[in-house]
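K.L.:
Chains as they are written, first to last, in the working numbering: chain A, 1 to 371; chain B, 1 to 371; chain C, 1 to 371; chain D, 1 to 371.
In short, the hints are calculated from the structure, not lab data.
Since this is a predicted model, take the numbers as computed values, not measurements.
By construction, the Cβ of each residue, glycine as well, lies at the ideal position given by its N, Cα and C atoms.
A couple of the hints might just be wrong.
Label pairs and their in silico Cβ distance ranges [to be verified]:
1) A:N186 x C:D276: 22 to 28 Å
2) A:A172 x D:A145: 52 to 58 Å
3) C:I174 x B:H249: 34 to 40 Å
4) A:L218 x C:D276: 33 to 39 Å
5) B:K178 x C:D276: 52 to 58 Å
6) A:T179 x B:R26: 39 to 45 Å
7) D:A280 x A:S219: 56 to 62 Å
8) A:R26 x B:F221: 36 to 42 Å
Number of protein chains: 4
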Amino acid sequence: MRTARVFRLSMAHPGDLSELDELIVRGTIKASDVAAIIGKTEGNGGVNDFTRGYFTQTLMALLSKHLGKPAAQLIREIPCVLSGGTEGVMSPHYSVFCIPETDATPTGAARLAIGTAFSAPLAAENVGRRAHVESVAATVRQAIANAGIERLEDVHFVQVKCPCVTVARAAAAIAAGKTPLTNDPNKSMAFARAAGAFGVALGLGEIKAGDFTDASLLSDFAVQSPRASISSGVEVESNEVVVLGNSSHWAGDLRIAHRPMADALDIGAIVDVLADLGIAAAPQVSAADLTRISSILVKCEPDRRGNVRGHRHTMLDDTDINAQRHIRGAVAGLVAGVIGDGRIFVSGGAEHQGPDGGGLIAVIAAQSGGD
Amino acid sequence: MRTARVFRLSMAHPGDLSELDELIVRGTIKASDVAAIIGKTEGNGGVNDFTRGYFTQTLMALLSKHLGKPAAQLIREIPCVLSGGTEGVMSPHYSVFCIPETDATPTGAARLAIGTAFSAPLAAENVGRRAHVESVAATVRQAIANAGIERLEDVHFVQVKCPCVTVARAAAAIAAGKTPLTNDPNKSMAFARAAGAFGVALGLGEIKAGDFTDASLLSDFAVQSPRASISSGVEVESNEVVVLGNSSHWAGDLRIAHRPMADALDIGAIVDVLADLGIAAAPQVSAADLTRISSILVKCEPDRRGNVRGHRHTMLDDTDINAQRHIRGAVAGLVAGVIGDGRIFVSGGAEHQGPDGGGLIAVIAAQSGGD
Amino acid sequence: MRTARVFRLSMAHPGDLSELDELIVRGTIKASDVAAIIGKTEGNGGVNDFTRGYFTQTLMALLSKHLGKPAAQLIREIPCVLSGGTEGVMSPHYSVFCIPETDATPTGAARLAIGTAFSAPLAAENVGRRAHVESVAATVRQAIANAGIERLEDVHFVQVKCPCVTVARAAAAIAAGKTPLTNDPNKSMAFARAAGAFGVALGLGEIKAGDFTDASLLSDFAVQSPRASISSGVEVESNEVVVLGNSSHWAGDLRIAHRPMADALDIGAIVDVLADLGIAAAPQVSAADLTRISSILVKCEPDRRGNVRGHRHTMLDDTDINAQRHIRGAVAGLVAGVIGDGRIFVSGGAEHQGPDGGGLIAVIAAQSGGD
Amino acid sequence: MRTARVFRLSMAHPGDLSELDELIVRGTIKASDVAAIIGKTEGNGGVNDFTRGYFTQTLMALLSKHLGKPAAQLIREIPCVLSGGTEGVMSPHYSVFCIPETDATPTGAARLAIGTAFSAPLAAENVGRRAHVESVAATVRQAIANAGIERLEDVHFVQVKCPCVTVARAAAAIAAGKTPLTNDPNKSMAFARAAGAFGVALGLGEIKAGDFTDASLLSDFAVQSPRASISSGVEVESNEVVVLGNSSHWAGDLRIAHRPMADALDIGAIVDVLADLGIAAAPQVSAADLTRISSILVKCEPDRRGNVRGHRHTMLDDTDINAQRHIRGAVAGLVAGVIGDGRIFVSGGAEHQGPDGGGLIAVIAAQSGGD
């Protein structure tokens, strides 16, 4: 029987995987059990944030050493999703999702289930369009099947890493007679994130195929999934998906829950998602309960209308600090204050991922004691 | 009988005082009743933040127009304390503290009392030394007397604006045979803030004259006052003090309370200071109670030891974003989330102002309905 | 007979106009002779750069004091064009363009001539469209007439400040049944700058009315004027124009010359424009010739294709430093090195102002001795 | 007979060593001939710039693959000196210094000679003190011997990478009864750079052992070497030295020259150093001569007195952009404009490296045709 285990590890810098190395060397983690990594590195989170590439290169070299497989192959098998930017009280860290086979017997309780899947490479002209949405949706369903989750409502968090168009890919597509949506990588990334969110919503049955057109992406913000967490980058060519949910086919004592966040001040969502897992925050999680928490996953967005609850914010017009850095720092300050810990994953770029101007929060916690 | 009133107003940009102008024109505020201004402007909060000067120039021109007094005189009579930096969810705003005479009769209840005082100009060679501490302490006591607050424990927040040494002032002092502590304005500002905090602690009787030496400043962080909020700038030559407390000699229905914050995650302090004023945050202040709140005043500091509750933060080593901008954004995210409003004053540079690595929070709220 | 005089003055901060005040008090400058100001302030040069507003407010209050006219009127009569951002070796300064009447007699030599003009307020729906281009062109011709410059080739520099659309103006236009080009102020600013550049080109006869359509703006970069320097801002409602050229109807000993800059490495253009004025730079302007120089005016732009002379630059993908700050610092380093002085006006946002990926340089210098 | 060859290669991102890999695979470069790398990566150049570590990890893995030696050994044999920050027109690139044995016969002409050396690990309590200076001086002399350069005046550029104190190293030293100069890594880095510059000056005989005390470091700026280029970092434990000079014992057609730069506007130094190599810049290097240039190496510093040639600069007081980023962008703009190429190494932190407020420039060029 499969058991999901999550190890939240700290790093001294983006190339520091020593804690994972030590756990593998000591035998606590079996390298072949590593299914996915989700982490925060201390870059700026923008196009020129190379801390993600540095971490990934180091990770794959480490796993390659332990598994005797080429890093170039591992990178296509193990999703490594990193968000740059540890503004304010956030602490650089990474969660290692492992799936050891254990001889536990089913208890009937629904426990954390993990599934991953990779789509076929996506053609440049499809990025940010319906074909992209459908590719993501199919890959999400495949990851759900891989996780053995039977009911869609038991899925609580879907992390997708989407390819986007580069200048070179766009040029090649045009030369082949195709018409990419845009040849601007930045615009392409935003459309790719939107396609990823629509794909999750479609894959989870939150919307239907007829509910949207290509023009809905980055335009109709009523379409959103509170379980979608999307990143996009030039370094991937297919959609990579990690599905997290609960299933009675899994052993262990971890469970996951999620809540949409209405806006950047929605402390209620944080308290509620903890309550879903039997953890009180009045006003802060107790030291004992804190040891039960394995991962905090948050998406957020600076309100594009320029105010929060009627009061003007200055994030969108700041030439000195990128708006995503502003919002990550603010929301992380709130979440870390309720949790009492800075090792939280707070990621920006939340278009169509939770309510417009808000986002979502998912928490993984042990149902008894700490992990 | 004096009544303290606080008007929290928004600005469209740092030169926008139109809301105050309108209230004066309409007669809601009498220009001669304006005793002090405390506000947040949308600059970077550093040496090259000119939004404070822009706001101050505009404010003094406005009051000059209404009062028929020269701006150059008003600037020496009305403390205008601005903190630059509205990171994250903070909304640019300013609180106008007014003291109208009313014909109310004493009720015995302690209500918000406001006192201001200006010291004599401080010699450059005294900045950041015992003479500076003593000058602040004396000015604080003068402001307390001005406020008519009888017991020191009824003082809850002391805002001080301290002069620092400029290259020119240091050179003049040296030419006169004096020895300034430093001729580096940035170092001087930090020592001036420390002297201000020690001065508040001394003025409030929290420490005694024998408890410290010049060497204690910026060194012995066990010395601190949870009621001191200090800023320092080249634009002032004397210590300017605003004391806020409660007194039964004042009418109105506002009260103030304060709490030290142990660290950047101390949500308990926020909930407690609200409870001191009879306001619940479970987890957030209700819409009805929100209308009772007049001002939120917070000081904070990136932990100089490089971690928060045992987990590494990256604020101090970030070459891209100043550490004070990081911590203001994080703490403001937490406070605004509990309050449900981004119009909060969160200021950095909190050396000796509350616990090391933490800071303090003060709240002014009406005891019945809104203001 | 009119004489053009240019005073290049330094400031200690964006609200420091003390050098101008002193010159007026001493009688060197007659306040009523001030025709225009062009300056560099030390903000970030972006949407949230308030150093421009702070300087303008201080300037207009100063002139109002000396002239006895309301500041609100002066701001509609005297163009004050500021560019934020003194990256690298640039020194904050402003050039005051004055037009005293003198009893000089014509010598036949062409000397610096200054003309200003203001258009009627521009309707929001016209911003960034042909009507905008035509309004600028007409205002440019009016300013040329005002300067008494007879031949279009004698115009060397046209500074235009264009209105753009704000969210509020766009909403009002839509409510009135009009269709603004965009309601995004940032996009509107870029289109307004493009319209300004097309307007200058049209006004100077560099292009004809049939040479372009609305779609050419920000798209056909072959259309450009090497004499156009455009800024755009929410604070103006009409197009403000300052024309600088040479005319035998003017006295004095100043002359102006200009050259297009092919790219950010075009040192040849700098040397050539100096040579046009009889000044050698081999490799640097001599101390004696340096005193002859009154103003250096430069526009530049980070190459939007991502490389300079075949080598990748990183300006456009930097999340930490705005691309315009990068290019201003680099080009200013080059120009200041050739001139030997950091008091140069280097402004970004040079769409259609000089060659694509480059820009332009104009220099004003005395033809004998210094000014 | 040894021949020095220099390959200047571009990178698409800090982990991109594909151009070097291709040259090795094609046989143009023999991996065992690689003696040192000096490069510019596109980080922020500060403490949290991880592009240097990313590049180094990738480089060492690449050489390890080709040489069959562990990367951990190579990192102690091949100096890899990186400067973060490609502000403005700088293009990310790296120069690979190779020393193939060739069967050339001596011509008597002095040609580029390369020498490297590593000191023993430096004790933490010695960092930034005389023992550090002497260790660097000895290592410099060792590298000169390694290069076979006979006369000290034939040395033109000495690159040193110095260890600094980390919090951990300082703590260990204190526990062992030693007294480190400081336990602040940032201060330690500056003192380490100063010790490196003094060490180069001592090793080159520019100063004598009696000319300075510990107190001279970061204080007596009259002590400086126009041939010293120092970096400091937590990642090294010994002093790493690369000496570049000219020697008749070397074949090839490369030569190196250097000049001090008096300040950030010293275009004369750039023109002069090119002239030393027979290259004219009037005002720019010709396309033909440009192909002869192999490397441009520059050190610079924002003038700590706050002005350049009497005019105030704003680099030191900018809370948004680090002063080193400002000065690198400005000086690179000037150097690249004279050269006509953005692939130049411009590094900040030039304390005691060239004149105070200035720096130095070294150029390597072929004496006939291109390389």
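K.L.:
Indicate, hint by hint, whether the structure satisfies it.
P.N.:
Do the hints match the structure? See the list:
1. A:N186 x C:D276: 22 to 28 Å: 41 Å, violated
2. A:A172 x D:A145: 52 to 58 Å: Given about 54 Å between the Cβ atoms, the range holds.
3. C:I174 x B:H249: 34 to 40 Å: At roughly 56 Å between Cβ atoms, H249 (chain B) and I174 (chain C) fall outside 34 to 40 Å, so the hint is violated.
4. A:L218 x C:D276: 33 to 39 Å: At 50 Å between Cβs, range violated.
5. B:K178 x C:D276: 52 to 58 Å: 54 Å, holds
6. A:T179 x B:R26: 39 to 45 Å: 59 Å, violated
7. D:A280 x A:S219: 56 to 62 Å: Taking Cβ atoms as reference, A280 (chain D) and S219 (chain A) lie about 58 Å apart, which means the hint holds.
8. A:R26 x B:F221: 36 to 42 Å: 39 Å, holds
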